[in-house]
Amino acid sequence: MSTGERERDENGSGRTGTFGDYGGQYVPEALMPALQELEDAYERYVVENEDGFMDEFRERMRDFGGRPTPLQRADRLSERYDREIYLKREDLVHGGAHKLNNALGQVLLAKYMGKERIIAETGAGQHGTATAMAAAHLDMPCEIYMGRTDVNRQRPNVYRMRMNGAEVNPVDAGSGTLKEAINETMRDWATTVERTHYVIGSVVGPHPFPKMVRDFQAVIGDEARSQILEKASRLPDSVIACAGGGSNTMGTFHAFVPDEESAEPRSADDSSGPNPQERVDLYAVEAGGSCLDIDEDAGLAPNSATLSTGTDGVLHGAMTKLLQSGDGQIVESHSVSAGLDYAGVGPELSHLVETGRVTPVSVDDEDALNGFHRLSRLEGIIPALESSHALGYLEEAHEDLGDLVIVTVSGRGDKDLETVLEETEKRDLEAAPAVEVFDG
Amino acid sequence: MTADSAGTDSDVEAAVRENHPALITYITAGDPSLEETKAYVEALDRGGSDLIELGLPFSEPIAEGPTIQAAINRALEAGTTPEGFFELVDDLETKAPLLVMTYYNMILQYGAGEAPRVSDSDAVSSRNKPDVRPFVERAAEAGLSGIIVPDLPAEEADPLREACDDNGLDLVFIIAPTTEGDRLETIMSQVSGFAYVQARLGTTGARENVSGATHDSLARLSAYDVPKAVGFGVSKGDHAAEIVEAGADGVIVGSALVDIIASSDDPREAVDELETKAAELKRGALRGSTGETAAGAEDAPEPEQP
Numbered sequence: 004m005s006t007g008e009r010e011r012d013e014n015g016s017g018r019t020g021t022f023g024d025y026g027g028q029y030v031p032e033a034l035m036p037a038l039q040e041l042e043d044a045y046e047r048y049v050v051e052n053e054d055g056f057m058d059e060f061r062e063r064m065r066d067f068g069g070r071p072t073p074l075q076r077a078d079r080l081s082e083r084y085d086r087e088i089y090l091k092r093e094d095l096v097h098g099g100a101h102k103l104n105n106a107l108g109q110v111l112l113a114k115y116m117g118k119e120r121i122i123a124e125t126g127a128g129q130h131g132t133a134t135a136m137a138a139a140h141l142d143m144p145c146e147i148y149m150g151r152t153d154v155n156r157q158r159p160n161v162y163r164m165r166m167n168g169a170e171v172n173p174v175d176a177g178s179g180t181l182k183e184a185i186n187e188t189m190r191d192w193a194t195t196v197e198r199t200h201y202v203i204g205s206v207v208g209p210h211p212f213p214k215m216v217r218d219f220q221a222v223i224g225d226e227a228r229s230q231i232l233e234k235a236s237r238l239p240d241s242v243i244a245c246a247g248g249g250s251n252t253m254g255t256f257h258a259f260v261p262d263e264e265s266a267e268p269r270s271a272d273d274s275s276g277p278n279p280q281e282r283v284d285l286y287a288v289e290a291g292g293s294c295l296d297i298d299e300d301a302g303l304a305p306n307s308a309t310l311s312t313g314t315d316g317v318l319h320g321a322m323t324k325l326l327q328s329g330d331g332q333i334v335e336s337h338s339v340s341a342g343l344d345y346a347g348v349g350p351e352l353s354h355l356v357e358t359g360r361v362t363p364v365s366v367d368d369e370d371a372l373n374g375f376h377r378l379s380r381l382e383g384i385i386p387a388l389e390s391s392h393a394l395g396y397l398e399e400a401h402e403d404l405g406d407l408v409i410v411t412v413s414g415r416g417d418k419d420l421e422t423v424l425e426e427t428e429k430r431d432l433e434a435a436p437a438v439e440v441f442d443g
Numbered sequence: 026m027t028a029d030s031a032g033t034d035s036d037v038e039a040a041v042r043e044n045h046p047a048l049i050t051y052i053t054a055g056d057p058s059l060e061e062t063k064a065y066v067e068a069l070d071r072g073g074s075d076l077i078e079l080g081l082p083f084s085e086p087i088a089e090g091p092t093i094q095a096a097i098n099r100a101l102e103a104g105t106t107p108e109g110f111f112e113l114v115d116d117l118e119t120k121a122p123l124l125v126m127t128y129y130n131m132i133l134q135y136g137a138g139e140a141p142r143v144s145d146s147d148a149v150s151s152r153n154k155p156d157v158r159p160f161v162e163r164a165a166e167a168g169l170s171g172i173i174v175p176d177l178p179a180e181e182a183d184p185l186r187e188a189c190d191d192n193g194l195d196l197v198f199i200i201a202p203t204t205e206g207d208r209l210e211t212i213m214s215q216v217s218g219f220a221y222v223q224a225r226l227g228t229t230g231a232r233e234n235v236s237g238a239t240h241d242s243l244a245r246l247s248a249y250d251v252p253k254a255v256g257f258g259v260s261k262g263d264h265a266a267e268i269v270e271a272g273a274d275g276v277i278v279g280s281a282l283v284d285i286i287a288s289s290d291d292p293r294e295a296v297d298e299l300e301t302k303a304a305e306l307k308r309g310a311l312r313g314s315t316g317e318t319a320a321g322a323e324d325a326p327e328p329e330q331p
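As you go down the protein sequences, you meet chains A and B in turn.
Plus 3 on top of the position in the first sequence (first one is 1) and you've got the numbering used here.
Plus 25 on top of the position in the second sequence (first one is 1) and you've got the numbering used here.
Hints listed in this document are in silico derivations from the structure and should not be mistaken for laboratory results.
Ideal Cβ positions, reconstructed from N, Cα and C, are used throughout, including at glycine.
Where hints are given, some of them may not hold.
Computed footprint of chain B on chain A, listed as stretches where at least three residues anywhere in the stretch have a Cβ under 8 Å from a Cβ of chain B [stated by the list, open to error]:
no., stretch
1, 20-32
2, 187-200
3, 305-318
4, 323-330
Simulated restraints, written as ranges between beta carbons of each label pair [stated by the list, open to error]:
no., chain 1, residue 1, chain 2, residue 2, range
5, B, Gly206, A, Asp142, 26 to 34 Å
6, A, Glu299, B, Asp183, 24 to 32 Å
7, B, Glu187, A, Glu281, 53 to 61 Å
8, A, Glu119, B, Asp207, 24 to 32 Å
Please work from the sequences and hints to get the whole structure.
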């Protein structure tokens with residue numbers, strides 16, 4: 004973890020676990036002692052490295068998880084956009100996504116805390132898969148809640164969770180996506196809190212989850228920052244990451260947040276570099292779906308662009324930006340990517356957007372699909388549909404992103420192939436191969 | 026206003042103390058419509074409720090079990106809005122004081138999507154920042170006596186408590202089986218009206234028997250001179266008797282009443298059944314206060330569900 008974060012998180016409100024106006028702990032009373040216990044464990048093991056917790060975590064991430072992941076120069080994208088494009092390859096983490104960074108950290112922490120059982124929610128299935136893998140690796144029983152819609156559209160991940168010994172519990176409520184899965188996991192946790200740890204899958208939820216998940220994911224940006232200094236001898240002009248709940252986003256951005264204009268070099272190491280950068284621009288790319296409006300009457304947002312269009316409120320334990328009606332009902336979100344399909348977002352991201360440090364942008368379903376096909380064809384990397392949004396934004400905005408750009412490929416797209424084929428068939432996409440190719 | 030701040034009992038606290046042992050009933054407003062809710066509330070009032078909680082539906086009810094979750098969905102599908110809810114309360118005339126039970130986002134957003142109702146002229150044309158005061162002021166105007174918020178722990182409650190104090194409303198806190206030590210002390214020092222004692226871990230929902238956690242929780246609270254009412258899982262007169270005998274000042278029943286509404290084809294039939302059920306629960310509570318729990322058993326206890 005980088006130094007100085009405590010100063011950055013201080014906001015003078017006197018409340019714990021807040022980022023400016025956002026964050027906090029809004030949960031049923033039964034869960035409050037568990038959050039206190041978790042906060043204590045987070046401070047001791049994660050922040051202070053008591054009993055060598057973080058050493059063990061890093062060792063397991065290296066040997067089991069496959070870290071560090073490469074920062075790869077994307078030659079053909081660099082040529083296409085006439086600037087240096089680097090890809091942070093989180094698709095190469097064990098399990099195929101950045102999700103393992105957090106899942107392994109939390110399951111290990113649960114073990115240190117003496118918990119006996121792991122539960123988690125999942126949207127696209129990547130977090131559920133990562134949690135099931137981490138639980139199997141560390142010999143903990145594990146149950147995963149997943150919306151029925153997501154179970155149907157992400158079957159390969161359901162199989163993988165079961166292969167690793169986890170039970171998968173489909174959730175039928177509402178639209179059967181991530182929001183409903185989180186509600187159901189919270190209910191389980193409220194019933195079994197004394198022996199169960201809830202592995203929240205993103206930088207969302209009540210304190211200390213947003214900070215703790217960010218700290219486990221910060222390895223993405225920490226690696227990317229030192230790798231780009233090594234490869235390009237300078238910091239990037241822009242860093243781009245897709246944002247659903249925001250764990251990939253915060254994990255990527257955390258190391259770069261202090262790289263602002265007029266900032267002194269952050270450390271002796273930086274000043275030894277030949278050309279320290281003045282400011283790194285940070286772009287959080289959200290799912291624009293089919294349209295950025297909210298249909299209040301139908302209770303639907305045909306997008307998941309919470310940072311771009313949401314309003315302040317409380318959902319799933321934290322004050323943050325939400326997709327909600329004027330009355331405060333949470334609306335159903337939409338994205339072609341199940342992993343971004345969430346009506347909330349992490350409170351720290353809300354704060355960084357509110358203060359202007361992070362720029363929220365959005366890419367619609369079609370441009371994300373084009374991003375998917377483009378990277379697959381040009382670079383031989385099949386990206387997750389989540390990451391494809393970041394690649395869609397790169398296509399759209401590359402002229403404004405400076406000479407050196409890092410894009411995080413948050414995960415691999417194998418899980419999304421059925422969705423991509425189906426959605427591609429509906430559209431006349433420039434970058435896509437002909438659909439007949441898949442008929443044999 | 027709280028007993029501490031005003032030196033006299035609030036409406037809510039008086040309702041529990043003066044009707045000891047008190048029956049507190051809950052239904053979800055708008056299930057299946059606000060019109061029927063009015064008839065149901067009046068039936069609960071006639072049946073002997075000493076306080077009535079009305080649920081203002083929120084789309085993400087994380088503290089509720091399947092029964093109340095389904096009621097909330099029905100109410101939302103019927104188009105229940107906060108303003109419709111307040112208009113219902115405007116029309117209600119019950120002897121039992123009314124409380125609203127809802128989630129924090131509903132309180133924060135009231136008035137945010139439109140021009141502010143309150144007289145401050147910082148009106149902005151776009152959506153306002155969330156603020157608890159418009160909701161609390163409207164609740165007081167409608168005649169509500171208190172607020173219960175299942176996802177608002179004491180640590181986050183300062184803004185709402187201040188607004189409630191300023192408007193003479195009680196803010197009821199939930200005590201869970203996991204609430205002990207310093208947290209219990211902190212919450213009990215802030216309770217107004219009554220302490221809502223959660224009988225067991227988990228979500229709301231009718232159960233077949235009374236949890237042992239109830240007895241433990243009441244024992245932990247015995248030193249505090251605040252009325253204690255037990256909810257979560259209470260469904261029968263015998264439960265009420267057992268809980269009161271264990272030291273509770275009141276019992277809170279929700280899911281068992283919502284079940285009646287959900288399973289009834291005819292609203293008039295539901296009205297009668299709600300009144301009858303409330304009377305059974307009140308009789309049970311009274312039996313508990315006279316130590317006649319076993320002798321007057323209306324239904325034998327069943328084994329604990331696994």
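Now for the hints, and whether the structure bears them out:
1. 20-32: holds (count 6)
2. 187-200: With 7 residues closer than 8 Å to chain B, the stretch 187-200 of chain A meets the three-residue bar; holds.
3. 305-318: holds (count 5)
4. 323-330: Per the Cβ count (5), the hint holds.
5. B:Gly206 x A:Asp142: 26 to 34 Å: holds (32 Å)
6. A:Glu299 x B:Asp183: 24 to 32 Å: With a Cβ separation near 31 Å, Glu299 (chain A) and Asp183 (chain B) satisfy 24 to 32 Å, so the hint holds.
7. B:Glu187 x A:Glu281: 53 to 61 Å: violated (44 Å)
8. A:Glu119 x B:Asp207: 24 to 32 Å: holds (26 Å)
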